[in-house]
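Undergrad: Now for the letters of each chain:
2 protein chains.
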Amino acid sequence: MAICPVYTTKSLHSTCSISTPSKTHLGFHQKQVVFYTTSGRKTSKRSGSTSSPYVITCSVGNSQTVVIGLAADSGCGKSTFMRRLTNVFGGAAEPPKGGNPDSNTLISDTTTVICLDDYHSLDRTGRKKKGVTALDPRANDFDLMYEQVKALKDGIAVDKPIYNHVTGLLDPPELIKPPKILVIEGLHPMYDARVRDLLDFSIYLDISNEVKFAWKIQRDMAERGHSLESIKASIQARKPDFDAYIDPQKQYADAVIEVLPTQLIPDDNEGKILRVKLIMKEGVEFFSPVYLFDEGSSISWIPCGRKLTCSYPGIKFSYGPDSYFGHEVSVLEMDGQFDRLDELIYVESHLSSISTKFYGEVTQQMLKLSDFPGSNNGTGLFQTIVGLKIRDIYEQIIASKTKTPVEATKA
Amino acid sequence: MAICPVYTTKSLHSTCSISTPSKTHLGFHQKQVVFYTTSGRKTSKRSGSTSSPYVITCSVGNSQTVVIGLAADSGCGKSTFMRRLTNVFGGAAEPPKGGNPDSNTLISDTTTVICLDDYHSLDRTGRKKKGVTALDPRANDFDLMYEQVKALKDGIAVDKPIYNHVTGLLDPPELIKPPKILVIEGLHPMYDARVRDLLDFSIYLDISNEVKFAWKIQRDMAERGHSLESIKASIQARKPDFDAYIDPQKQYADAVIEVLPTQLIPDDNEGKILRVKLIMKEGVEFFSPVYLFDEGSSISWIPCGRKLTCSYPGIKFSYGPDSYFGHEVSVLEMDGQFDRLDELIYVESHLSSISTKFYGEVTQQMLKLSDFPGSNNGTGLFQTIVGLKIRDIYEQIIASKTKTPVEATKA
Numbered sequence: 001m002a003i004c005p006v007y008t009t010k011s012l013h014s015t016c017s018i019s020t021p022s023k024t025h026l027g028f029h030q031k032q033v034v035f036y037t038t039s040g041r042k043t044s045k046r047s048g049s050t051s052s053p054y055v056i057t058c059s060v061g062n063s064q065t066v067v068i069g070l071a072a073d074s075g076c077g078k079s080t081f082m083r084r085l086t087n088v089f090g091g092a093a094e095p096p097k098g099g100n101p102d103s104n105t106l107i108s109d110t111t112t113v114i115c116l117d118d119y120h121s122l123d124r125t126g127r128k129k130k131g132v133t134a135l136d137p138r139a140n141d142f143d144l145m146y147e148q149v150k151a152l153k154d155g156i157a158v159d160k161p162i163y164n165h166v167t168g169l170l171d172p173p174e175l176i177k178p179p180k181i182l183v184i185e186g187l188h189p190m191y192d193a194r195v196r197d198l199l200d201f202s203i204y205l206d207i208s209n210e211v212k213f214a215w216k217i218q219r220d221m222a223e224r225g226h227s228l229e230s231i232k233a234s235i236q237a238r239k240p241d242f243d244a245y246i247d248p249q250k251q252y253a254d255a256v257i258e259v260l261p262t263q264l265i266p267d268d269n270e271g272k273i274l275r276v277k278l279i280m281k282e283g284v285e286f287f288s289p290v291y292l293f294d295e296g297s298s299i300s301w302i303p304c305g306r307k308l309t310c311s312y313p314g315i316k317f318s319y320g321p322d323s324y325f326g327h328e329v330s331v332l333e334m335d336g337q338f339d340r341l342d343e344l345i346y347v348e349s350h351l352s353s354i355s356t357k358f359y360g361e362v363t364q365q366m367l368k369l370s371d372f373p374g375s376n377n378g379t380g381l382f383q384t385i386v387g388l389k390i391r392d393i394y395e396q397i398i399a400s401k402t403k404t405p406v407e408a409t410k411a
Numbered sequence: 001m002a003i004c005p006v007y008t009t010k011s012l013h014s015t016c017s018i019s020t021p022s023k024t025h026l027g028f029h030q031k032q033v034v035f036y037t038t039s040g041r042k043t044s045k046r047s048g049s050t051s052s053p054y055v056i057t058c059s060v061g062n063s064q065t066v067v068i069g070l071a072a073d074s075g076c077g078k079s080t081f082m083r084r085l086t087n088v089f090g091g092a093a094e095p096p097k098g099g100n101p102d103s104n105t106l107i108s109d110t111t112t113v114i115c116l117d118d119y120h121s122l123d124r125t126g127r128k129k130k131g132v133t134a135l136d137p138r139a140n141d142f143d144l145m146y147e148q149v150k151a152l153k154d155g156i157a158v159d160k161p162i163y164n165h166v167t168g169l170l171d172p173p174e175l176i177k178p179p180k181i182l183v184i185e186g187l188h189p190m191y192d193a194r195v196r197d198l199l200d201f202s203i204y205l206d207i208s209n210e211v212k213f214a215w216k217i218q219r220d221m222a223e224r225g226h227s228l229e230s231i232k233a234s235i236q237a238r239k240p241d242f243d244a245y246i247d248p249q250k251q252y253a254d255a256v257i258e259v260l261p262t263q264l265i266p267d268d269n270e271g272k273i274l275r276v277k278l279i280m281k282e283g284v285e286f287f288s289p290v291y292l293f294d295e296g297s298s299i300s301w302i303p304c305g306r307k308l309t310c311s312y313p314g315i316k317f318s319y320g321p322d323s324y325f326g327h328e329v330s331v332l333e334m335d336g337q338f339d340r341l342d343e344l345i346y347v348e349s350h351l352s353s354i355s356t357k358f359y360g361e362v363t364q365q366m367l368k369l370s371d372f373p374g375s376n377n378g379t380g381l382f383q384t385i386v387g388l389k390i391r392d393i394y395e396q397i398i399a400s401k402t403k404t405p406v407e408a409t410k411a
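Residue numbers (our numbering), protein chains in the order written: chain A, 1 to 411; chain B, 1 to 411.
Any given hint could be a false lead.
Pairs count within a copy or across copies, as identical chains cannot be separated in the list.
As the list claims (entries may be wrong) - Calculated lysine to any residue pairs in the SDA-like style (CA-CA distance at most 20 Å, straight line):
| id | residue 1 | residue 2 |
| --- | --- | --- |
| 1 | K180 | P373 |
| 2 | K250 | S323 |
| 3 | K250 | E270 |
| 4 | K307 | S353 |
| 5 | K272 | L228 |
| 6 | K239 | S370 |
Hints listed in this document are in silico derivations from the structure and should not be mistaken for laboratory results. On a predicted model such as this, the values are computed, not experimentally measured, just so you know.
Working from the sequences, and respecting the hints, build out all of it.
TA: Below, the structure is given as structure tokens:
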């Protein structure tokens, strides 16, 4: 019987038990050993607790979990993005069956999305007590994050904590089996160098202050009745930690989706029409940046004209090489929005290296999810394209791996 | 024996003589009747003469002469353009053999280029006497121009006057046989409605005042020792007539090549780096405008980048639909210049509808004539492309014509 490698951590002592061989959720059809490592921590759920209960469950199969990191502030459309991504793979993403109804995890046939808020080391009261925000690294357990992501990447199931967004408490853990594609989304997927190194591909959703402000006003003022002052104050309060701990991660991202105010309307501050940039790092293995018409040159394109009619203020695409935090990148930009989503095929047909499997797949995906926020602008378009690129990266990684099983070692 | 139709004109009485059947210069291989019409005008060469000696020689073949009009001010690169055009058809263009050494005509296997200065009704002294410039319609014989262009278009050879640019006198006429392609180039090809209607395709070379001024300074000051003041004065003197009689013709042109100062260098007034626009009328029979990447949308393209290195200030192309004197047009623009002409293939490969017969034909043409002025910028590129379009138009017209011989009528 094969035994999985022990993933030692400073905070865990290895009290392992062997369960029955099982098949993972993922369709790895070889026999597997499940190896439990139970933490010696208290299972305390008291506020301010710095420890939480968890179990590492190891399902050694082929080490084929591809790990994707998605960083963004809260309220920036991560969940929409995740739904677009999982849709690319076909199956609907749902919380783990029969588990905590407040679980933040989404599981589909291919993809498991875990929310990094689950690695909060301080719950809401704890943070208040210590005077730190959730953005502060001191409110997060990067050791555990690293251990568990590494375990999953190595094909080992883990018992991941749950941060309950409703109660603000740390709930008992849930079992996460290694999926084909693991997406870790949240505030800090690229903050810790060890976690960052585990990522096969990383994305940063960069919402400009102007747009973030317009969105918060829309949501918190129009829908929740908050005052303009309180919204401003809450943004201001988050800003120092955001700037210190979240924003710097974008320099590590392989792809950045930057959401800015439109330039098609002079002095627009409504934040309804968006200019969205897809910044793609050059030289990333398995990732070939999308381009418009001619790879590597600088292009602007107003598709409105004889073939595509657009209402004011129209649509403008730009593409070209640039530099981003000292890296060579290609940038694709869309300003404006589509009047008719079915006309997207016209735009799609002029984009190259979008990793579709058939002509019109981007348009089909966008039409299928047309009720999702951002479906008529660059956020939806670029999220969909990034989803297709992730599928492509996944398939290339799998194809490139020699499929030798992990060698068994004696217990 | 067939007799050609009589092309009556007010100024000519039809004293016709029949010569032996001959084959034209153009490779029409059917029997032809040559029909002389001798003018009753005096063969006076006195200055100020309003008549000139000419004979209409009619060679009735298939009426397959395609007529192209090229309008531009003097010193605007018409002759370079003509050499590029005739080169597209292969043969070298030369003045009529054994004729007046000061002839303005250029004849190649396919193309005959006649200079409309030959239709000056007033010679240099005559113009001075009457106080009119060569730009003034009163110094030009549009009746004769119309009659002779119509005759040539109908397959009838003409004895065309010669305006001697060296002496400023009207020289005895030269025989012009109907070519496959007749180009009439000069100040007024689209001024007279009757002449204009004979044109199968028309081009206007529009050199902006800034560039014209920079060119004149280069030529007249640097090369001929004129003073800046005298150059300015000469430009100013021409301007009213130019604005009244020459410039308005551009509204009739099927294609306009507009030469402007670069926008790549702020406040450039050297006139060395040019921004050149090719304005192409939509809906012209047999003429499909060139486009960049995507027909009918608006595009700007800086090809410099990963594949094409450019020195300062680089190269920028623009393309898009526009309106020009109330007509729908497509505009292709090139700002800047090529460092290496052989890299033009990269640009050529991204242009569509350029009517080449093989991949790289534009580049080959440009390389062949690389010592011509404008070979490294948009003037040479667009002149070459217009040359290819004219070849294409010619071939389409010929193909579309039912090749029934002109029906013979009894003398």
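Undergrad: Go through the numbered hints given earlier and state which of them the structure violates, listing their numbers in rising order.
TA: Numbers 1, 3 and 6 - these are the hints that the structure violates, sorted from lowest upward.
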